[in-house]
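Trainee: Starting from the given sequences, assemble the full structure and let the hints guide the process.
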Amino acid sequence: MEMSCRSLPARMWIKKGDQVVAAGFPLFSERDLPYLLPTITRGVVSHVAGGGSAILHTTCCVQSGASGGAVLRLGDGLPLRLVALVACNIQEQGSGALFPHVNLAVPATVMAAPLAGYRATRDVKFLHALESKDPNVQRLWKLQPLTSKL
Numbered sequence: 000m001e002m003s004c005r006s007l008p009a010r011m012w013i014k015k016g017d018q019v020v021a022a023g024f025p026l027f028s029e030r031d032l033p034y035l036l037p038t039i040t041r042g043v044v045s046h047v048a049g050g051g052s053a054i055l056h057t058t059c060c061v062q063s064g065a066s067g068g069a070v071l072r073l074g075d076g077l078p079l080r081l082v083a084l085v086a087c088n089i090q091e092q093g094s095g096a097l098f099p100h101v102n103l104a105v106p107a108t109v110m111a112a113p114l115a116g117y118r119a120t121r122d123v124k125f126l127h128a129l130e131s132k133d134p135n136v137q138r139l140w141k142l143q144p145l146t147s148k149l
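Start counting the sequence shown at 0; every next residue gets the next number (numbering that gives the first Met the number 0).
Please keep in mind that the hints were generated in silico from the structure rather than gathered at the bench. Incorrect hints may appear among the rest.
What the hints assert, rightly or not - Computed cross-link-like contacts, DSBU-like style, restricted to lysine-lysine with a CA-CA straight-line distance of at most 30 Å:
1) K15 - K141
2) K141 - K124
3) K132 - K15
4) K132 - K14
5) K14 - K141
As the list claims (entries may be wrong) - Computed beta-carbon distance windows for the label pairs:
6) G16 - D122: 16 to 26 Å
7) N135 - E29: 35 to 45 Å
8) L126 - L81: 13 to 23 Å
9) R138 - G93: 14 to 24 Å
10) V43 - G64: 18 to 28 Å
11) P134 - R41: 26 to 36 Å
12) F24 - L129: 20 to 30 Å
13) A128 - L81: 12 to 22 Å
14) T120 - Y34: 32 to 42 Å
15) G93 - L26: 15 to 25 Å
Note that CB positions come from ideal geometry on N, CA and C, so glycine has one too.
Mentor: Below, the structure written as structure tokens:
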């Protein structure tokens with residue numbers, strides 16, 4: 000299978016307001032396995048954080064268990080393009096309420112170089128780049144404000 004990873008920054012090919020779909024398999028039991036179909040929901044990119052190199056927020060309805068599913072860009076006569084992988088939806092800490100229409104995704108551009116390096120060499124050291132130690136990236140994933148440089 001031929002695989003191609005686009006090296007453009009996400010902000011150049013995904014932006015706030017773009018139409019997207021999320022596709023994945025929510026939680027299921029073994030007895031459901033013969034009838035299992037993917038869940039595909041439509042939404043928009045509601046936020047591109049970290050210049051598109053850290054996190055995407057979408058309004059697609061993502062249920063528990065669908066993490067790792069594809070986020071695909073729609074429209075403009077262009078072919079579907081993988082722009083991210085679903086990471087999680089938002090859960091309120093106090094009540095535990097889930098908000099499936101507010102979810103976070105890892106941009107494809109973040110994964111492109113590490114996956115290409117691993118694919119070429121089969122050396123797992125390339126995959127270590129997928130774990131960011133950058134405090135600003137960690138704050139974004141925790142939905143905390145970034146610290147001002149002023």
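Trainee: Look at each hint and say if it fits the structure.
Mentor: Structure-based check of each hint:
{"no.": "1", "hint": "K15 - K141", "verdict": "holds, 20 Å"}
{"no.": "2", "hint": "K141 - K124", "verdict": "holds, 26 Å"}
{"no.": "3", "hint": "K132 - K15", "verdict": "holds, 26 Å"}
{"no.": "4", "hint": "K132 - K14", "verdict": "holds, 25 Å"}
{"no.": "5", "hint": "K14 - K141", "verdict": "holds, 21 Å"}
{"no.": "6", "hint": "G16 - D122: 16 to 26 Å", "verdict": "violated, 39 Å"}
{"no.": "7", "hint": "N135 - E29: 35 to 45 Å", "verdict": "holds, 42 Å"}
{"no.": "8", "hint": "L126 - L81: 13 to 23 Å", "verdict": "holds, 18 Å"}
{"no.": "9", "hint": "R138 - G93: 14 to 24 Å", "verdict": "holds, 21 Å"}
{"no.": "10", "hint": "V43 - G64: 18 to 28 Å", "verdict": "holds, 23 Å"}
{"no.": "11", "hint": "P134 - R41: 26 to 36 Å", "verdict": "holds, 34 Å"}
{"no.": "12", "hint": "F24 - L129: 20 to 30 Å", "verdict": "holds, 22 Å"}
{"no.": "13", "hint": "A128 - L81: 12 to 22 Å", "verdict": "holds, 19 Å"}
{"no.": "14", "hint": "T120 - Y34: 32 to 42 Å", "verdict": "holds, 40 Å"}
{"no.": "15", "hint": "G93 - L26: 15 to 25 Å", "verdict": "holds, 23 Å"}
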